[in-house]
Amino acid sequence: MTSRSETATSCHREEHRQLLFRYVLAHADDNLILAQRLSGWISRAPDLEEDIAMANIALDLLGRARMLLDYAGQLEGRDRSEDDLAMFRSEREFTNLLLVEQPNGDFAHTMVRQFLYDAYQTALWKSLCGSADATLAGIAGKAIKEARYHLRHSGTWLLRLGRGTEESHRRTQRALEGLWRFTAEMFETSETDRKLAGAGLGVEPAGLQPGWERGVEKVFCEAGLQIPNDRFARSGGRSGFHTEHLGLMLAEMQWMQRAYPGMQW
Amino acid sequence: MDATRLSGDAVVTGPPIIKDLVGAVPDPELPWVTIAELGVLRGARISGERAVVEVTPTWSGCPAIDAITDSIRAVLTEAGFGLEQIEIHTTYSPAWTTDDITHDGLRKLAQAGIAPPRRPAEDPQGATRCPLCDSSGVRPVSEFGATPCKALMVCNACLEPFDRFKEL
Numbered sequence: 001m002t003s004r005s006e007t008a009t010s011c012h013r014e015e016h017r018q019l020l021f022r023y024v025l026a027h028a029d030d031n032l033i034l035a036q037r038l039s040g041w042i043s044r045a046p047d048l049e050e051d052i053a054m055a056n057i058a059l060d061l062l063g064r065a066r067m068l069l070d071y072a073g074q075l076e077g078r079d080r081s082e083d084d085l086a087m088f089r090s091e092r093e094f095t096n097l098l099l100v101e102q103p104n105g106d107f108a109h110t111m112v113r114q115f116l117y118d119a120y121q122t123a124l125w126k127s128l129c130g131s132a133d134a135t136l137a138g139i140a141g142k143a144i145k146e147a148r149y150h151l152r153h154s155g156t157w158l159l160r161l162g163r164g165t166e167e168s169h170r171r172t173q174r175a176l177e178g179l180w181r182f183t184a185e186m187f188e189t190s191e192t193d194r195k196l197a198g199a200g201l202g203v204e205p206a207g208l209q210p211g212w213e214r215g216v217e218k219v220f221c222e223a224g225l226q227i228p229n230d231r232f233a234r235s236g237g238r239s240g241f242h243t244e245h246l247g248l249m250l251a252e253m254q255w256m257q258r259a260y261p262g263m264q265w
Numbered sequence: 266m267d268a269t270r271l272s273g274d275a276v277v278t279g280p281p282i283i284k285d286l287v288g289a290v291p292d293p294e295l296p297w298v299t300i301a302e303l304g305v306l307r308g309a310r311i312s313g314e315r316a317v318v319e320v321t322p323t324w325s326g327c328p329a330i331d332a333i334t335d336s337i338r339a340v341l342t343e344a345g346f347g348l349e350q351i352e353i354h355t356t357y358s359p360a361w362t363t364d365d366i367t368h369d370g371l372r373k374l375a376q377a378g379i380a381p382p383r384r385p386a387e388d389p390q391g392a393t394r395c396p397l398c399d400s401s402g403v404r405p406v407s408e409f410g411a412t413p414c415k416a417l418m419v420c421n422a423c424l425e426p427f428d429r430f431k432e433l
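Chains as they are written, first to last, in our numbering: chain A, 1 to 265; chain B, 266 to 433.
Heads up, a few of these hints could be off.
The list that follows gives simulated cross-link-like pairs (lysine to aspartate or glutamate, DMTMM-like), each with its CA atoms no further than 20 Å apart [as the list claims (entries may be wrong)]: (1) B/LYS431 with A/GLU49; (2) A/LYS126 with A/GLU204; (3) A/LYS126 with B/GLU432; (4) A/LYS145 with B/GLU425; (5) A/LYS145 with B/GLU432; (6) B/LYS373 with B/GLU432; (7) A/LYS145 with B/GLU408; (8) B/LYS373 with B/ASP428; (9) B/LYS431 with A/GLU204; (10) B/LYS431 with A/GLU50; (11) A/LYS145 with B/GLU314; (12) B/LYS373 with B/GLU294.
Don't read these hints as lab results, they were simulated from the structure. Keep in mind it's a predicted model, so treat the numbers as computed, not measured.
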């Protein structure tokens with residue numbers, strides 16, 4: 001009797017471990033891909049302070065991606081390191097949100113993308129602080145504090161751009177219209193999400209949506225920006241179906257490790 | 266993770282010798298401050314023939330943590346430990362906060378011209394002051410500075426720019 005219930009518990013634990021691996025990996029991918037995108041601004045930002053700010057934020061996201069990838073590797077139990085997971089998976093194996101892989105565009109486009117994501121990250125990590133998984137809760141405890149700095153940065157920029165010149169307003173509104181269709185994906189709840197939320201390990205993304213919407217609507221309203229009426233939504237990133245942009249980005253990010261596996265400098 | 270892993274207590278435990286040895290490792294970016302003063306060292310002890318050290322990163326994006334683990338390995342090998350006898354664990358919980366910096370650490374930051382992080386719990390009225398002329402008339406330039414932990418400020422009185430250690 002004892003041994004049967006022990007076996008059941010251990011199966012259960014094994015299932016959770018595999019689900020948690022996919023969950024942690026998806027969030028690692030979000031941070032890794034956006035860190036890579038933001039790094040593209042280094043030496044090209046509008047001013048020196050902003051250049052430093054974007055590099056710092058990219059570094060925070062990369063640091064978070066490293067912690068999550070390292071943990072994903074441990075959960076998977078196949079001896080894959082953070083570098084293996086970052087450099088030796090193909091486009092279809094990445095499960096990041098479509099939003100984060102969208103090209104930088106102009107500065108307004110990058111800031112709108114960042115703001116939509118920062119608001120989501122703030123809600124996500126706040127909830128994950130209560131995860132029953134100690135490592136994930138620990139990472140969340142760090143991430144939430146940094147995410148608040150990031151959100152204040154991108155939110156301040158949206159106000160400046162939205163209420164700035166006619167041109168800055170027009171470009172920011174255009175960016176919002178181009179990116180809004182990728183926001184619904186953040187709140188799609190998969191079977192994995194449901195099971196992990198049920199076990200107290202993860203959170204159901206759908207539950208984060210009302211708070212996120214209130215937060216972003218407030219800033220858009222203050223910035224004089226209109227949320228598009230278009231309810232068309234793109235998704236697929238969490239299942240590995242990406243826009244054409246991810247493959248091109250990965251080719252650039254991974255080529256050296258692919259050409260010279262395990263190289264260091 | 267394994268039996269030799271330390272508890273998550275934010276207290277440096279163990280015989281004073283290894284604790285002092287590892288605790289004195291300097292931060293690579295702020296070399297006048299040690300990792301014990303910064304609160305990065307969570308534990309150091311001897312377990313049989315092994316030295317077991319636990320560290321916690323400050324900001325997620327801070328590359329100093331890699332340099333710090335290298336330095337810890339260097340002082341321990343110099344003290345006679347073989348590389349295979351050194352275990353360094355990274356812990357994320359509880360998350361590091363600027364409240365983990367000791368009072369000596371805060372004082373050394375100020376002496377080096379970096380306005381220390383505020384402690385609203387200890388000093389609710391505490392304001393950031395210029396580390397050069399002590400004026401409280403200061404303004405932020407950017408919340409992001411030369412390292413992940415610092416913000417850029419400027420003093421309205423002496424007009425000098427300075428770094429502020431951000432509260433986390």
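Now the hints, each set against the structure:
| no. | hint | in the structure |
| --- | --- | --- |
| 1 | B/LYS431 with A/GLU49 | holds (16 Å) |
| 2 | A/LYS126 with A/GLU204 | holds (13 Å) |
| 3 | A/LYS126 with B/GLU432 | holds (18 Å) |
| 4 | A/LYS145 with B/GLU425 | violated (29 Å) |
| 5 | A/LYS145 with B/GLU432 | holds (9 Å) |
| 6 | B/LYS373 with B/GLU432 | holds (16 Å) |
| 7 | A/LYS145 with B/GLU408 | holds (14 Å) |
| 8 | B/LYS373 with B/ASP428 | holds (14 Å) |
| 9 | B/LYS431 with A/GLU204 | violated (32 Å) |
| 10 | B/LYS431 with A/GLU50 | holds (17 Å) |
| 11 | A/LYS145 with B/GLU314 | violated (38 Å) |
| 12 | B/LYS373 with B/GLU294 | holds (13 Å) |
Hints 4, 9 and 11 from the earlier list are contradicted by this structure; the remaining hints agree with it.
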